[in-house]
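S.K.: Chains as they are written, first to last, in numbering that gives the first Met the number 0: chain A, 0 to 98; chain B, 0 to 98.
What the hints contain is simulated information worked out from the structure, not anything from laboratory work. Computed from a prediction, not measured in an experiment: that's the story for all the values here. Think of the CB as a built atom: it goes at the ideal place given N, C-alpha and C, for glycine as much as any other residue. Take the hints with a grain of salt, since some may be wrong.
Here are some of the chain A residues that sit facing chain B, going by a computed Cβ distance under 7 Å [what the hints assert, rightly or not]:
1) Leu4
2) Gln5
3) Ile8
4) Ala30
5) Gln34
6) Val39
7) Gly45
8) Met46
9) Ala52
10) Ala56
11) Thr60
12) Phe63
13) Gln65
14) Lys67
15) Phe76
Here's the letter readout for the chains.
Number of protein chains: 2
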Amino acid sequence: MKERLQVEIFGHRYTLTGESNDADYVRSLAAYVDQKMKEVARQTQGMPQSKLAILAAINITHEFFQAKNHQKERETFLDGKTRDLIESIEDQFEDFKLE
Amino acid sequence: MKERLQVEIFGHRYTLTGESNDADYVRSLAAYVDQKMKEVARQTQGMPQSKLAILAAINITHEFFQAKNHQKERETFLDGKTRDLIESIEDQFEDFKLE
Numbered sequence: 000m001k002e003r004l005q006v007e008i009f010g011h012r013y014t015l016t017g018e019s020n021d022a023d024y025v026r027s028l029a030a031y032v033d034q035k036m037k038e039v040a041r042q043t044q045g046m047p048q049s050k051l052a053i054l055a056a057i058n059i060t061h062e063f064f065q066a067k068n069h070q071k072e073r074e075t076f077l078d079g080k081t082r083d084l085i086e087s088i089e090d091q092f093e094d095f096k097l098e
Numbered sequence: 000m001k002e003r004l005q006v007e008i009f010g011h012r013y014t015l016t017g018e019s020n021d022a023d024y025v026r027s028l029a030a031y032v033d034q035k036m037k038e039v040a041r042q043t044q045g046m047p048q049s050k051l052a053i054l055a056a057i058n059i060t061h062e063f064f065q066a067k068n069h070q071k072e073r074e075t076f077l078d079g080k081t082r083d084l085i086e087s088i089e090d091q092f093e094d095f096k097l098e
């Protein structure tokens, strides 16, 4: 069932339609965009709303890309750590090997 | 040094100013927002650009939040796996313990 939810972003009311039945989550998305638009507005003067929204979208995309890169780096780091651990265990067991 | 870069998003030219000296990266951010706005535009009819940009920003925030949640779940999963592995190693070594 499609859900319709009223949210307020940068002083305007919008009706969001989505599959999600988690209204709190959808409100948190709207609140994040609202916060990011207000951040951009504080740093600029009299910028039209469409431009504010686009700049906010660019800033959120930057955070999203950074999170993805961080995750990729972390996976690579943990892969290396796991390999080291396995090698270290194999070395320990070599001490007990029967020939 | 602040860098100024011209990008095109949804048929409009914008000048972005930022600390980044990686023009390709900044262009990839703009291209992502452009793509997300075009996706929203395809699903709606005659929506004003400011609303398109806000909906695109909400969709990007959703992806960003999903990535963060996925990362948190993955960390919890890997923490559990690491604990299991350490316990399993400790169990192995118990077989050899001297009392």
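S.K.: Now tell me, hint by hint, if it's right for this structure.
M.R.: Going through the hints against the structure:
The interface hint given for Leu4 (chain A) is broken, as the beta carbon of that residue sits about 11 Å from the closest beta carbon of chain B, more than 7 Å. Restraint check, Gln5 (chain A) versus chain B: the minimum CB separation of about 14 Å is more than 7 Å; hint violated. At a threshold of 7 Å, the smallest CB-CB gap from Ile8 (chain A) to chain B is about 6 Å, leaving the interface hint in force. Here the hint on Ala30 (chain A) is broken, as its CB sits about 9 Å from the closest CB of chain B, past 7 Å.
At its closest, the beta carbon of Gln34 (chain A) sits 10 Å from a beta carbon of chain B; the interface hint therefore is violated under the 7 Å criterion. Given the 7 Å rule on beta carbons, the hint for Val39 (chain A) is violated: about 11 Å separates it from the nearest Cβ of chain B. At its closest, the beta carbon of Gly45 (chain A) sits 15 Å from a beta carbon of chain B; the interface hint therefore is violated under the 7 Å criterion. Because the smallest distance between the Cβ of Met46 (chain A) and any Cβ of chain B comes to about 11 Å, over 7 Å, the interface hint for this residue is violated.
With its C-beta approaching chain B no nearer than about 3 Å, Ala52 (chain A) sits inside the 7 Å limit, and its interface hint holds. With a least beta-carbon distance of about 4 Å to chain B, the hint placing Ala56 (chain A) at the interface is held under the 7 Å criterion. Interface restraint check for Thr60 (chain A): the shortest CB-CB distance to chain B comes to about 5 Å, inside 7 Å, so the restraint holds. About 4 Å separates the beta-carbon of Phe63 (chain A) from the nearest beta-carbon of chain B, less than 7 Å, and the hint is met.
The interface hint given for Gln65 (chain A) is broken, as the beta carbon of that residue sits about 10 Å from the closest beta carbon of chain B, more than 7 Å. A cut of 7 Å between beta carbons decides the hint on Lys67 (chain A): the least distance to chain B is about 6 Å, and the hint holds. About 11 Å separates the beta-carbon of Phe76 (chain A) from the nearest beta-carbon of chain B, more than 7 Å, and the hint is not met.
Going down the numbered hints, you'll see the structure goes against 1, 2, 4, 5, 6, 7, 8, 13, 15, while the others check out.
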